[in-house]
Amino acid sequence: MKLITAIIPEEKLDEVREALIDAEIERITVLRVSGHGRQQEITVQRGKKVVPNLIPKVQITIACNDAFEDITVDTIIRTARHGEGKVGDGKIFVQDLQECIRIRTGERGGQAI
Amino acid sequence: MSWKRLLGLAAAVAVAHPLVAQGTAPVNDSGATAWLLTSTTLVLLMVPGLALFYGGLVRTKNVLGTMMHSFAAMAVVGVLWAVVGYALSFGPNALGGLIGWRKDLLLLRGIDQTILPAGVPEYAFAMFQGKFAIITPALIAGAVAERISFRGWLAFITLWIIFVYCPLCHWVWASDGYFFNLGAKGAIDFAGGTVVHISSGVGGLALALFLGARHGYPKTAMSPNNLTFTLLGAGLLWVGWFGFNAGSSVASNLDTARALTVTQVAAAAGALTWILIETIRDEKPTSLGMASGILAGLVVITPAAGVVQVGGALALGVIAACCCYSMILLKNRLGYDDSLDAFGIHGTGGIVGAIGLTFFIRDAWWAEAAAKVPGWGILAQLKVQGFAVLCTILFSVVMTLIIAALVQKFIGFRVSESVEKTGLDHELHGERAYGLNNLN
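From first to last, the protein sequence lines stand for chains A and B.
All residue numbers for the first sequence refer to my numbering, where the first residue is 1 and numbers rise by one.
All residue numbers for the second sequence refer to my numbering, where the first residue is 1 and numbers rise by one.
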């Protein structure tokens, strides 16, 4: 089992989510997060330039069986990228997942996902 | 407005219009002036109320952009009205009565010394009317929320005030206007059922159809970001509406109290009906339903506040809630994107009020009408009301579409898909509504 965590631009959430559903990845968790990478976003407030050091992003978390890792990752890359790609498009982290338990039934492992 | 219709008690004096002098020079009536100034303030309070109402209904990414639509109306129309709007609306007939015009009303120069026959300074009347001009285009924003550019909006409301609002206002409320002189005692529009609510409601619908639906509508769920704002806005609108309706008597007397009473009753009846419908049909009464019912009741009583009694106000409130609720169901079936139901509530409620009021007019009014035109009855008045409504709808739809096409061509009205996806707040204004989402 894998735990896939993706940090994506806010405006791409709907697109990514809809594409994942089309690819039959229907179990996801979404969070609003802030952070910084290489992207710089300058805003002007009352005529003064402000460079916020934390930029809002959306984080999605998906736990899946090994067979679904590639399609999940490919779908996110395809939909979260702006055109040919630009700084700020985000990152995907894939980790091995030790255990998964469905609280309702107590099932464990791959079938609980 | 109603001063012209409700003067049964003062019939001996036969004052026809607050702007039309009757011999002796008018003196200031401090009571009437104080209430008119208060009403002016209350009507302005409705605009931030509307901003909150709409701001709560959109998605998180469009809160500021949506609230800015209302505030932009305060800024743009606030200037425009004083410069030319009042002259175009309340000047004597020009272009065959299509619009009003008097040169010395430019920048309100000619009214520096004027006390109107109603006993109020003309400045107070002009500013009171100006607040109506502000809120009307702001209402339209609800139909096209979450997808228009700020520049396009500024251009649109500028043109809309000059070419739609001012002519309509002149027809209905100027002493020589078309609708003011229809039938026995004119088309009844106490505080703006046609001028404000029908014109903005159907104009909004036309604009929503012209610009098309939001990206992803209706498949993607577009939930309100903060219904506490919406309730707060509905409450402020209710309070402000006392200025809107009771202020429209341009007096501080029995007519004023009558208008205030029916306004209260109709709003409450609308709210109660809406949550009852939801309780029975949808199982749970919602706060959005409460807010919508309040608005439906307030809109329907707006044209009627001068001529109906409490029973009529209750009936209109109930009917309006049922009609507006049905119209929103119909919208969901037809699939057009009147995003925040500007047509569903203001257009529908305004039409129901302007037509429906005919069945609930008080006897004293009928007696006066019959004295002027023998045999004047419901059917005759219904024709007058229907004609005024129909003209308003046609005029507003056609003009709104022309203005929208011009703005789209020369300035750009609808935002690009990427701006729509990221949200108006960040893309158009460089801001975000809620700091909580950003740790710094």
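Just so you know, these hints were derived from the structure itself, not from any lab.
All values derive from a computational prediction rather than experimental measurement.
Do not rely on the hints blindly, as some may be mistaken.
[What the hints assert, rightly or not] SDA-like cross-link-like pairs, simulated, lysine to any residue; straight-line CA separation at most 25 Å: (1) K2/A - T61/A; (2) K91/A - I378/B; (3) K48/A - N226/B; (4) K421/B - G90/A; (5) K49/A - R432/B; (6) K409/B - L390/B; (7) K2/A - D66/A; (8) K86/A - G430/B; (9) K219/B - H82/A; (10) K86/A - A72/B; (11) K219/B - G235/B; (12) K421/B - K2/A; (13) K219/B - Q39/A; (14) K49/A - H429/B; (15) K48/A - T105/A; (16) K91/A - K48/A; (17) K48/A - K331/B; (18) K86/A - Q39/A; (19) K421/B - D66/A; (20) K48/A - K103/B; (21) K91/A - V419/B; (22) K219/B - L232/B; (23) K421/B - L227/B; (24) K86/A - L272/B; (25) K372/B - L254/B; (26) K331/B - K409/B; (27) K103/B - N226/B; (28) K91/A - L31/A; (29) K421/B - D89/A; (30) K421/B - E24/A; (31) K421/B - L31/A; (32) K409/B - V397/B; (33) K421/B - R38/A; (34) K86/A - L254/B; (35) K421/B - I101/A; (36) K91/A - L54/A; (37) K49/A - Y434/B.
* Asked: Are the Cα atoms of K48/A and K103/B separated by 25 Å or less?
  -> Status violated; Cα separation ~43 Å.
* Quick one, are K421/B and G90/A close enough, alpha carbons at most 25 Å? -> Cα-Cα ~17 Å, so holds.
* Would you mind confirming whether the straight-line C-alpha gap from K421/B to D89/A stays at or under 25 Å? => Holds, because 15 Å separates the two Cα atoms, which is no more than 25 Å.
* **Pair hint outcome, K91/A versus K48/A [Cα-Cα no greater than 25 Å]** => violated (31 Å)
* **Given pair status - L227/B, K421/B, alpha carbons within 25 Å** => Judged against 25 Å, a Cα distance of about 22 Å means the pair holds.
* Is the Cα-Cα distance between K219/B and Q39/A 25 Å or less? -> Violated - the C-alpha atoms of Q39/A and K219/B are around 32 Å apart, more than 25 Å.
* To do: Compare the distance between the alpha carbons of K219/B and H82/A with 25 Å, and conclude whether the hinted pair is satisfied.
  => Cα-Cα ~23 Å, so holds.
* Distance restraint between K2/A and D66/A, which requires alpha-carbon spacing of 25 Å or less -> holds (6 Å)
* For the pair supplied as a hint, K219/B and G235/B, confirm whether the alpha-carbon distance does not exceed 25 Å. => Judged against 25 Å, a Cα distance of about 31 Å means the pair is violated.
* Asked: Straight-line Cα separation of K372/B and L254/B no greater than 25 Å?
  -> Holds - the C-alpha atoms of L254/B and K372/B are around 23 Å apart, at most 25 Å.
* Is K409/B within 25 Å of L390/B, Cα to Cα? -> violated (29 Å)
* Are the Cα atoms of K421/B and L31/A separated by 25 Å or less? -> holds (17 Å)
Hints 2, 3, 6, 10, 11, 12, 13, 15, 16, 17, 19, 20, 22, 24, 26, 27, 34 and 35, counting from the list given before, are not met by this structure.
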